[in-house]
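Each protein sequence line maps, in turn, to chains A and B. If you're matching positions, the first sequence starts at 1 in the working numbering and goes up one per residue. If you're matching positions, the second sequence starts at 115 in the working numbering and goes up one per residue.
No lab work stands behind these hints, which were simulated from the structure alone. Even glycine gets a Cβ: it sits at the ideal position worked out from N, Cα and C. Hints are not guaranteed to be accurate.
Some but not every residue of chain A turned toward chain B, in silico, with C-beta under 7 Å [what the hints assert, rightly or not]:
| no. | residue |
| --- | --- |
| 1 | His29 |
| 2 | Asp38 |
| 3 | Pro39 |
| 4 | Tyr64 |
| 5 | Val88 |
| 6 | Ser97 |
| 7 | Gly108 |
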Amino acid sequence: DAGITQSPRHKVTETGTPVTLRCHQTENHRYMYWYRQDPGHGLRLIHYSYGVKDTDKGEVSDGYSVSRSKTEDFLLTLESATSSQTSVYFCAISESSVSNQPQHFGDGTRLSIL
Amino acid sequence: SQQGEEDPQALSIQEGENATMNCSYKTSINNLQWYRQNSGRGLVHLILIRSNEREKHSGRLRVTLDTSKKSSSLLITASRAADTASYFCATANNAGNMLTFGGGTRLMVKP
């Protein structure tokens, strides 16, 4: 298994609070991705990074921000969590772009916002 | 919006039978990938098929791609109980910077 660690694995918080999810990789892969998975929607891309300090928006980026200050860490922040952001969040990595390489996924963070 | 749509949404078969899942998509692609997800776990990559390829095999898996019909199929032969999982297709856009996932097929293989 690819060395991907997501933390925390579970979190319950209240509406309006800030939340930060962390993805840590030991593979030295260039690309990192954040997805959310909801029933009936499959996985949807939130943000991705193609290098340190290089990030771009995905399909559902509103309400989320990301940062990547080191190759191994990719942080996802919900500045002011809303109930609609209750979901399972997955981090993925790939050695190069998806035109050439598959993605490898962490085991997810289950986030509940009350 | 989802680029890929899997069909059927759910499939139940007996061990030893073959399982076929289909994926349709809307726009031109660089490649199409299939992933498996066991309950409570992350996705695991199965096969990547490029837009200029028509068929690819990996063990008991066979993937076909028809770009004229914008569709792909995943065949699992001689299924096992351990194949019980959700299966997702994902299309890579031509820029090669994003994967777009379908809603998945839930496969149950009964022993």
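Open item on the list: Does the closest beta carbon of chain B sit nearer than 7 Å to the beta carbon of Tyr64(A)?
Closed with: violated, 16 Å
Task: Hint check: 7 Å Cβ-Cβ cutoff, Pro39(A) to chain B - done: violated, 9 Å
Open item on the list: Min Cβ distance, Ser97(A) to chain B: is it shorter than 7 Å?
Closed with: This interface hint holds because 4 Å falls under the 7 Å limit.
Task: Restraint check, 7 Å cut-off on beta carbons, for Gly108(A) near chain B - done: holds, 6 Å
Task: Interface hint compliance - Val88(A) to chain B, C-beta minimum distance less than 7 Å - done: Violated. Min distance 9 Å.
Task: When the least beta-carbon distance from His29(A) to chain B is tested against 7 Å, hint result - done: violated, 13 Å
- [ ] Using Cβ atoms only, decide whether Asp38(A) comes closer than 7 Å to chain B, and label the hint accordingly.
- [x] violated, 10 Å
The earlier numbered hints that this structure contradicts are 1, 2, 3, 4, 5.
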